[in-house]
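Participant: Start from the sequences, fold in the hints, and give me the full structure.
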Amino acid sequence: MSKFANESNVVVITGASSGIGLCLSNFYTNNGFIVVNIARHNRQNQSNFYQCDVSDEQQVKDTFYQIKQKFGKINLLINNAGFGLSGAVELCDLSSAKQIFDVNFFGAFNCYKYALPLMESGSKIINISSVCAFFPLPFRAFYCASKSALNLLFYSARMECKDLKIQICNVCPGDTKTNFTKNRVKNFNTNSRYNDKILNATNKIDANENNRMSADFVAKKIYKLSLKRKLPPHKIIGFKYKFLYFIMRFMPLSVLLHFTEKFFGGHNKGGNN
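Those letters in the sequence shown? Residues 11 to 283, by the numbering used here.
I should point out that these hints are in silico values taken from the structure, not numbers from a laboratory.
Small disclaimer: the values here were computed from a predicted structure and weren't measured.
Hints should not be assumed to be uniformly reliable.
As the list claims (entries may be wrong) - Mimicking EDC-like on lysine to aspartate or glutamate, the simulated pairs with C-alpha atoms at most 20 Å apart in a straight line are: (1) 123 - 185; (2) 207 - 271; (3) 80 - 130; (4) 108 - 63; (5) 71 - 112; (6) 196 - 206; (7) 196 - 103; (8) 250 - 271; (9) 272 - 216; (10) 250 - 216; (11) 187 - 216; (12) 78 - 63; (13) 78 - 66.
Facilitator: In structure tokens:
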């Protein structure tokens, strides 16, 4: 463990009002950290709360200016804000595609841009990505793409920050039980090329809600990770996802895509659709 865990360290968490973000806020608060909560709504009446839409650069700039004025520094930034989008690529409107990148990708970029000047040697940045960054799913293309882009952006930023001695890690949880599924933007528009595949694929994944990891479990893993002296480039949470990632490195991509489409492509039992 590092000397990171003490009451003088400032932790900034985006998307802190619910799900993994709320659990993280509670973990750090209960362990003596100064926690700064950022979200669009203060549903839990959190202290040190800043209302901010991370996709709005001016709001982010103003928020981090206020953080600088009050706290003077940031020791840990956790980019957690994000949302999901389902539907066929062909039938997704451009505004929805842009919105998910504005939040999941550019939102994290905005926070990184304005947090970094407040961070000194030994500070850390953790981005909440997803295993979908590694495992593409049919009818989840834009969500997978936004998380894959997030990973690559911060792998590059990690190298840029090496001499600054600021560490960056992308945390990639598997399925987690939060309101994320409920709040996902679902586009069930279809045509003769997809028929009921889009609805079937969405229902198949959503039906697994009760078997998912708890947000508290995932947050605890992230909390413990943040205390380590050295952060890896990425961290997958969930044993089966770690195993799949290991297998994937030895499996031809065509085989991976074939089986993923077979199980998650929304096919009716006993038929091709």
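Participant: A separate judgement is required for each hint: does it hold in the structure or not?
Facilitator: Status of each hint after checking the structure:
1. 123 - 185: 29 Å, violated
2. 207 - 271: Holds: residue 207 and residue 271 sit about 11 Å apart, inside 20 Å.
3. 80 - 130: Distance of about 17 Å is within 20 Å: holds.
4. 108 - 63: Roughly 15 Å separates the two Cα atoms, so the pair holds.
5. 71 - 112: Answer holds: residue 71 to residue 112 is near 15 Å, not above 20 Å.
6. 196 - 206: 14 Å, holds
7. 196 - 103: Holds. Residue 196 to residue 103 sits at ~12 Å (cutoff 20 Å).
8. 250 - 271: Cα-Cα ~18 Å, so holds.
9. 272 - 216: 17 Å, holds
10. 250 - 216: 18 Å, holds
11. 187 - 216: 10 Å, holds
12. 78 - 63: Roughly 18 Å between the alpha carbons, so the hint for residue 78 and residue 63 holds.
13. 78 - 66: Judged against 20 Å, a Cα distance of about 19 Å means the pair holds.
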